[in-house]
Structures are given as structure tokens and as C-alpha cells.
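Here is what each chain is made of, one letter per residue.
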Amino acid sequence: MRTIIFLLLIILAMLLQSTFFSFLQVAGVKPDLILMLVVFNGFLRGSREGAFLGFLAGLLQDVFTGNYIGINAITKMLAGYLVGLAEARFYKESVVIVSLVTFFAAILNQLAYYILLFYLDILVSPSSAIVGVVLPSAIYTTLLVPLTYWKFYSSNQKGWLRERES
Amino acid sequence: MPRLVSYKNFILLAILVGVALMAMRFTHIGRQALTPMEAAIKDGLAPVQSIFMQVGHSFAGGAHSITSLGHMVEENKELKEQIALLKGQLYQQEELKRENERLKNLLQYQDTYSEYFETKTAAVIGRDPGNWFGFVTLNKGSKDGIVKDMPVVTPSGLAGKVVTVSDNTSQVILITDPRSGVGALVQDSRVPGVLEGTTAGSDETRLIHVPKDTQLTKGQVIITSGIGGTFPKGIPIGRIVDVSDEPSGLFKTAMVVPFADLNRLEEVLVISNVFNPDILPSTEGD
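Protein chains in written order, with the numbering used here: chain A, 1 to 166; chain B, 1001 to 1286.
Calculated from the structure, these hints are not laboratory results.
Every residue, glycine too, gets a C-beta built ideally from N, C-alpha and C.
No farther apart than 25 Å at their CA atoms in a straight line, the calculated lysine to any residue pairs in the SDA-like style are these:
no. : chain 1 : residue 1 : chain 2 : residue 2
1   : B       : K1218     : B       : N1263
2   : B       : K1097     : A       : L24
3   : B       : K1218     : A       : V131
Coverage of chain B stretches by chain A, computed from C-beta distances (three or more under 8 Å per stretch; other residues unrestricted):
no. : stretch
4   : 1032–1042
5   : 1048–1054
Here's a subset of chain B near chain A, in silico, CB distances under 7 Å, partners left out:
no. : residue
6   : A1020
7   : A1023
8   : M1024
9   : T1027
10  : I1029
11  : A1060
12  : R1127
13  : P1129
14  : W1132
15  : P1178
16  : T1198
17  : T1199
18  : G1201
19  : S1202
All chains, full assembly: derive it from the sequences and hints.
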């Protein structure tokens, strides 16, 4: 049940990102809402679930875009897994910590993506990759964390995203 | 310190990564057709995307009229509602006026070039959710006669080409996408080169492999060369903003800013038929 709701949130994030947020681009980039959800999930649930739902979320995004199916699945799984490692080590009620975790996860996620682009023979110069995509998108995504984290957190504690016994 | 990955999880992880790495290779952009599942997803999501796009557009334009309402706190409620309503109507009219202007531009363009090529108008209903690739989804597909590799233009200049088609939608790779390559020409000096994209958000492209002894200056206009056969010759692309030497020392590279505002595309023209084939050398690939 929780997985289904999470995946519905991912679909909503994806639709928003491909439509609404193309009018709200800053420095030429859109925020990565899907990654943000994967990070929140990994941070609150640990690396196992973080990696699993990261993979599913990325796979959905890949099927939606229709090209290079697997590229987002791998990079988002990595992000979910790494953030999950931080799960037991950090205080979960601090937005500052979540924001920092999101920032680093976004950077690593995009760098992994960049490496996979080489594997797919797509060459992007390092300067335009880092200045044009990696940094601005990580910053934009991080800035949206304080606006959304509490909603996700409380839903995970007592709302729709809570683990049901049944 | 807990174990990072258990044995069972590691096997599962390795399988997932392996399968994904294979799938990535097989679903590259040059493949002939979409799988039925992908086509169904694209067609199914198209109406939803259209609505979201509309909302986004209204929001971007309407945010200004909403914030300006904040100053009228003292006014009575009824008056405020009336003003909001009128502003809404005005905004809607403004929106219609702008749409009208854009469509008029498209029509004019169609008329001007009707002897060279035939075009179909399509609306942009979605963009790539990521930041690397410049991909847009159009609301016309194979049912409307759109075919893979058709060039896509706006009245101001070249936008890209169609790469995948489903029944009701088609996907366009923009010239700013890192995978895009367009045969190009400097308009005044006729120097040829290849125009490739950088990243989607940068809104810049690069004219590469231009011999070093040729004259390249800021402000020169770049047009399509027709080499490769996908794009008709002579479509304006953009203007040079910067020139630098390539590391090999043999060639120059020019940064070119496209004339078309690719980050804010709303309606585009798909060139469906070119009437003047002698300007299109029939070379394989591009």
C-alpha cells in the first residue's frame, strides 16, 4: 500500500516536472522532485527500502521518457541507498540536515548520471555538465526541501505513508 | 558497524544493475519504434500533460495579477471579487491575444515558405523531466502524419527533429540536446560545420570542426546546410556569441545561441513535406 502511494507521488512529481516546472526554470534547470522523494524515503526508511523504491521511481521515469531505460533507475537507486546509510546516523527532525543530505545526494546522483552518459557514448563537456546541470539542479532541488519535508515526514509518521501492520 | 549489503541483496542488486545497463543500450534514441507499452503510456498521459502544461502556463503568467491584488486590503470583499474576476477575464483575453499573435506568426511563416515546404502546427505538451536532455512532446503523432526525422521549426528558427512517434504524440529532440547534430553553415562566409548541443538548460549550441583559417566572428548568423538530408537548407538557426580554438589546435569552435526560445516553446511547426528536393542532397544519415 505504502509503495503504491509512494509511486503515485512519483508519477505526480514527474508530470509536474515535465510540464509545470518547465515554466519555473531557474538558470535553465528544473528541480528534481523525484530525487527529492527518493531521498526523503531513503532518509526515513533506511538503505534497503531507499534503494528499492529509488530503483522503481527511476524506472518509472525512464519508461515515461522512453530512452535509455535503466539510467535513472540505477542513479536513483544509488541515491536512495546512500541516503539510507545515513538513516541511523542523523537526527531526522532537522530540516538543515535533510537539506544537506539532499544536496549531496543530488550531486552524486547527477555525477553517476554523467558517468553513465559516457557509457552510452553521449559526450557532454565537464564544464557544461557541472556548471550547467549538476550544481544548479542540486541547489534548486535543495531549496525546495524545507517546503516539502515536513509534509512527507508527518505523512510517514501518521499519514498515508505510514507502515500499516496488515 | 552493520554489514552494508547482505549476500542475497548483493546478488539482487547485481542483477538489477546488469539488466538496467543492458536495457539502456537497447533503448537508445536511434531505434526504429517504441515498444507497445511505451507507446500506450505516452498516449495515455498526453491529455493529462496537456492540462498540467496549461495550468503551468496560466500560473506563470497569472502570478503577477494575483500578487497585485494584495494591495487592496481595505476594499470591500465584493469589490475585490469583482476586480479579481475582471482581472482574470483581462488576463484570459491577454492570453488569447498572445496566442492569436503566436498563431498568426506561425501562419505567416507557413505562407512565406509554402512554396518550399509544407508544415503542420503542433503544440508542446511536455518536456523531459530531467535536466540533461532537450526533449519535448508534441500533441500530434502518426495519426496526423508525423513521421520520424521530420524537422521541427518555429518562425524564429530551427528547433529540432522528431525522434519517436506514437499514435497521438511525438517526441522532438531539440538542437540544444547533447545528442543532437545538425549540418550547419555560416550564412555570410558559407563556412560549413557541425552544430551540436551542450545541455538542454544551457540554451547554447556549439558549431564545431570549423577549420582554423576561416573567419568566424561574433554576430554571424548560422543556417542549416542541408547536408545529411534531415533538414532543408537555409533554415536560420542562431547567432555566434563566442569563438574559441579547439584543444587539437586545428579547428575552431563557436558558441551559437539559437534564435528560437527553446526553453519556452509553446507551438511549433513540423515540416512534413519538402517541395524543392534539389536543395536536399540525399546523403545517408546525419
